[in-house]
Amino acid sequence: MKNLTLLIFLLGCTPLFAQTDSVNTSQEEEDFSIYENATPADGKNITFCNPKIFDLSPARFVSIAWDHQLPYEMNLSSQGDYAKGTSINNYNESAKVNSTGGLRLFANIPVISSNKFLWQLGGNFWRTNYSFADVKGPINDTSLIQNISKNGLTTFGLNSTVFKPLNEKQFLLAQFAADLSGNYALDNPQGLRFLRYSASLLWGKRPNDRKQWAVGLTRTYRTGELNYVPILLFNWTAPSRTWGTEILFPARAHVRKNFNARSLLLGGYELDGQSYRIGGISTASNRELELRRGELRFRMEYQRQISGFIWGSIQAGYRYNFSYRADYTEKDGTDFFRGFVGKQQYAMINELSGALYFNVGIHLVSP
Amino acid sequence: MTTKLCSLLVLIMLFLGFTSNDEGDRLIGVWQPSSGKAKVKIEKIGTKYYGKIVWLKEPNDPNTQKPKVDKNNPDESMRNVPLKGYRMLKDFVYGGKDQWNEGTIYDPENGSTYSCEINMKDKSTLEIRGYIGVKALGRTDVWKRLEIKAN
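In order, the protein sequence lines correspond to chains A and B. Using my numbering, read the first sequence as starting at 1 and increasing by one per residue. Using my numbering, read the second sequence as starting at 1 and increasing by one per residue.
Because the hints were derived from the structure by calculation, they are not lab data. These numbers come from a predicted model, not from an experiment. Yeah, the Cβ is synthetic: ideal placement off N, Cα and C, and Gly gets one too. Please note: incorrect hints may appear among the correct ones.
[To be verified] Mimicking EDC-like on lysine to aspartate or glutamate, the simulated pairs with C-alpha atoms at most 20 Å apart in a straight line are:
{"no.": "1", "chain 1": "B", "residue 1": "Lys68", "chain 2": "A", "residue 2": "Asp42"}
{"no.": "2", "chain 1": "B", "residue 1": "Lys71", "chain 2": "A", "residue 2": "Asp31"}
{"no.": "3", "chain 1": "B", "residue 1": "Lys44", "chain 2": "A", "residue 2": "Glu270"}
{"no.": "4", "chain 1": "A", "residue 1": "Lys211", "chain 2": "B", "residue 2": "Asp25"}
{"no.": "5", "chain 1": "B", "residue 1": "Lys84", "chain 2": "A", "residue 2": "Asp42"}
{"no.": "6", "chain 1": "B", "residue 1": "Lys149", "chain 2": "A", "residue 2": "Asp42"}
{"no.": "7", "chain 1": "A", "residue 1": "Lys257", "chain 2": "B", "residue 2": "Glu109"}
{"no.": "8", "chain 1": "A", "residue 1": "Lys331", "chain 2": "A", "residue 2": "Asp209"}
{"no.": "9", "chain 1": "B", "residue 1": "Lys66", "chain 2": "A", "residue 2": "Asp31"}
{"no.": "10", "chain 1": "B", "residue 1": "Lys123", "chain 2": "B", "residue 2": "Asp25"}
{"no.": "11", "chain 1": "A", "residue 1": "Lys169", "chain 2": "B", "residue 2": "Asp25"}
{"no.": "12", "chain 1": "B", "residue 1": "Lys123", "chain 2": "A", "residue 2": "Asp31"}
{"no.": "13", "chain 1": "B", "residue 1": "Lys84", "chain 2": "A", "residue 2": "Asp141"}
{"no.": "14", "chain 1": "A", "residue 1": "Lys169", "chain 2": "A", "residue 2": "Asp141"}
{"no.": "15", "chain 1": "B", "residue 1": "Lys37", "chain 2": "A", "residue 2": "Glu270"}
{"no.": "16", "chain 1": "A", "residue 1": "Lys44", "chain 2": "B", "residue 2": "Glu109"}
[As the list claims (entries may be wrong)] Chain B side only, calculated, beta carbon under 10 Å to chain A, not exhaustive:
{"no.": "17", "residue": "Glu23"}
{"no.": "18", "residue": "Trp55"}
{"no.": "19", "residue": "Lys66"}
{"no.": "20", "residue": "Asp98"}
{"no.": "21", "residue": "Asn101"}
{"no.": "22", "residue": "Asn110"}
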């Protein structure tokens, strides 16, 4: 009986002792050809296209970055009514900007994430501080230089992204964002009536694992002012898997060089802009002043894995400013659309010289 | 008396083990991720479940025309291991209620290993969720059971 008990005990424990915790490959010989004809047990077509293609720079769940522009010149007109195309000979204020920069936080968390539907919600916080020298011009309550030197600029935003595969090759992509940008302090944010909304809708195809394209329309503030423009997405990876493109024209376009699965280099440009309500300095009665910042950033960005899902990035390039103009908008927060052909007048015509800049960040990347 | 007690305990342990294993063994079979790029055979080793790649839509590396290997593995010694036969699901334990957990999933595309939970929605459908740290930071894929047709 004792022997029988021992035998049963040993047989019972055999699977425990035979277990291997970390086996990477199958040790036994197997005829893999039998799986060639394996088909869905319930007969249903199961394939949906994936939101990614091979070797794209990793999507980010959480990102913490510092953005810093090196010295440049700032020239600002007085407030008034300026027709489109007006050039200013004598600026009202001018200064050398020693530096511009601040913290950029970003989070994008999947709410629903399956192969049939992907919905992500995110938030961002951007802080921009200005350090001035050699300020020339009137020092008073309506000075934009004085104001942004003291208050800086802040953006709080929420965004939502939906990816809906229609079948194995086609997909819809929708994005929506609401940003509150201005010279407000964190403990005294401006009213939600000054929220500025952006949205994009694209339809596209993913013919294979190395190519994805889409066309659509966007409502955007990337040029500073409200605009509606067509957009083109084109993500592509060469057969060698060492080169590719990451393009969402006109917002950004990059050529990508993949060194391996853990490091890559991007080279190209990005449009970077916001519309900031500058409270407290408007000289027009019952009108708000809104600063339209639009920049074109030519840059190189190196990204690499630091550890596990933590990646780091360093970006350097040249910032060309094409808009630092200002408009008068309604007190109730209503904005207007000028577009490329609108004839509405500007409230300020300002000019910023170009600047070198860099951005360093650390990111938690997505599976 | 002691011997009888020992025998009884062993039998109870075996009974409990076998009943829970039977339920967990529903995971065993051949499955296909939603991308359609691979087929994965889930089998049991000891008391845990493992899934190995048994079929690839694109079996050869387009650059070398040789069978794909695990070239993105962070462990350099593993980079010549063929992907076919590679165990990408590891160490899953049946936790009851149609759920297998405590395991990991490996993505050969980027050489990353994620925490993973498997839920069986019906006998032919799995929801595989890979995540980082907390389940909210993850992505779910739906896998379908495959039948091997006799030639």
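Tested hints:
1. The straight-line distance between the Cα atoms of Lys68 of chain B and Asp42 of chain A is roughly 30 Å, outside the 20 Å bound, and the hint therefore fails.
2. Under the criterion of a C-alpha separation no larger than 20 Å, the hint pairing Lys71 of chain B with Asp31 of chain A is inconsistent with the structure, at around 23 Å.
3. Only pairs whose Cα atoms come within 20 Å are accepted, and Lys44 of chain B paired with Glu270 of chain A is rejected, the gap being roughly 50 Å.
4. Proposed proximity of Lys211 of chain A and Asp25 of chain B is contradicted: the alpha carbons are some 39 Å apart, above 20 Å.
5. As the CA atoms of Lys84 of chain B and Asp42 of chain A are separated by approximately 25 Å, the hinted pair breaks the 20 Å bound.
6. Taking the CA atoms of Lys149 of chain B and Asp42 of chain A, the gap is near 13 Å; set against the 20 Å cutoff, the hint holds.
7. For the suggested pair Lys257 of chain A and Glu109 of chain B, the alpha carbons sit about 16 Å apart, so the restraint of at most 20 Å is met.
8. Proximity of Lys331 of chain A to Asp209 of chain A is assessed by CA-CA distance (about 50 Å); at most 20 Å being required, the pair is judged violated.
9. Distance restraint check for Lys66 of chain B and Asp31 of chain A: the Cα-Cα separation of roughly 18 Å lies within the 20 Å cut-off, and the hinted pair is therefore satisfied.
10. The hinted pair formed by Lys123 of chain B and Asp25 of chain B meets the criterion: a straight-line CA distance of about 11 Å does not exceed 20 Å.
11. Straight-line distance between C-alpha atoms of Lys169 of chain A and Asp25 of chain B comes to about 34 Å, which puts the hinted pair past the 20 Å bound.
12. For the suggested pair Lys123 of chain B and Asp31 of chain A, the alpha carbons sit about 25 Å apart, so the restraint of at most 20 Å is broken.
13. In summary, the hint linking Lys84 of chain B to Asp141 of chain A is not supported, as the alpha carbons are separated by about 71 Å, beyond the 20 Å threshold.
14. Restraint check: the Cα-Cα separation between Lys169 of chain A and Asp141 of chain A comes to about 58 Å, which exceeds 20 Å; the hinted pair is violated.
15. Of the supplied pair hints, the one linking Lys37 of chain B and Glu270 of chain A is violated, its CA atoms being roughly 34 Å apart against a limit of 20 Å.
16. The hinted pair formed by Lys44 of chain A and Glu109 of chain B fails the criterion: a straight-line CA distance of about 26 Å is larger than 20 Å.
17. Contact between Glu23 of chain B and chain A, as hinted, is not supported at the beta carbon level, the nearest pair being about 16 Å apart and thus beyond 10 Å.
18. Interface restraint check: Trp55 of chain B against chain A, minimum CB-CB distance 4 Å, threshold 10 Å, status holds.
19. At its closest, the beta carbon of Lys66 of chain B sits 15 Å from a beta carbon of chain A; the interface hint therefore is violated under the 10 Å criterion.
20. At a threshold of 10 Å, the smallest CB-CB gap from Asp98 of chain B to chain A is about 17 Å, leaving the interface hint violated.
21. Here the hint on Asn101 of chain B is broken, as its CB sits about 15 Å from the closest CB of chain A, past 10 Å.
22. Nearest Cβ of chain A to the Cβ of Asn110 of chain B: about 5 Å, under the 10 Å cut. The hint holds.
In the structure shown, a violation is registered for the earlier hints numbered 1, 2, 3, 4, 5, 8, 11, 12, 13, 14, 15, 16, 17, 19, 20 and 21, in ascending order.
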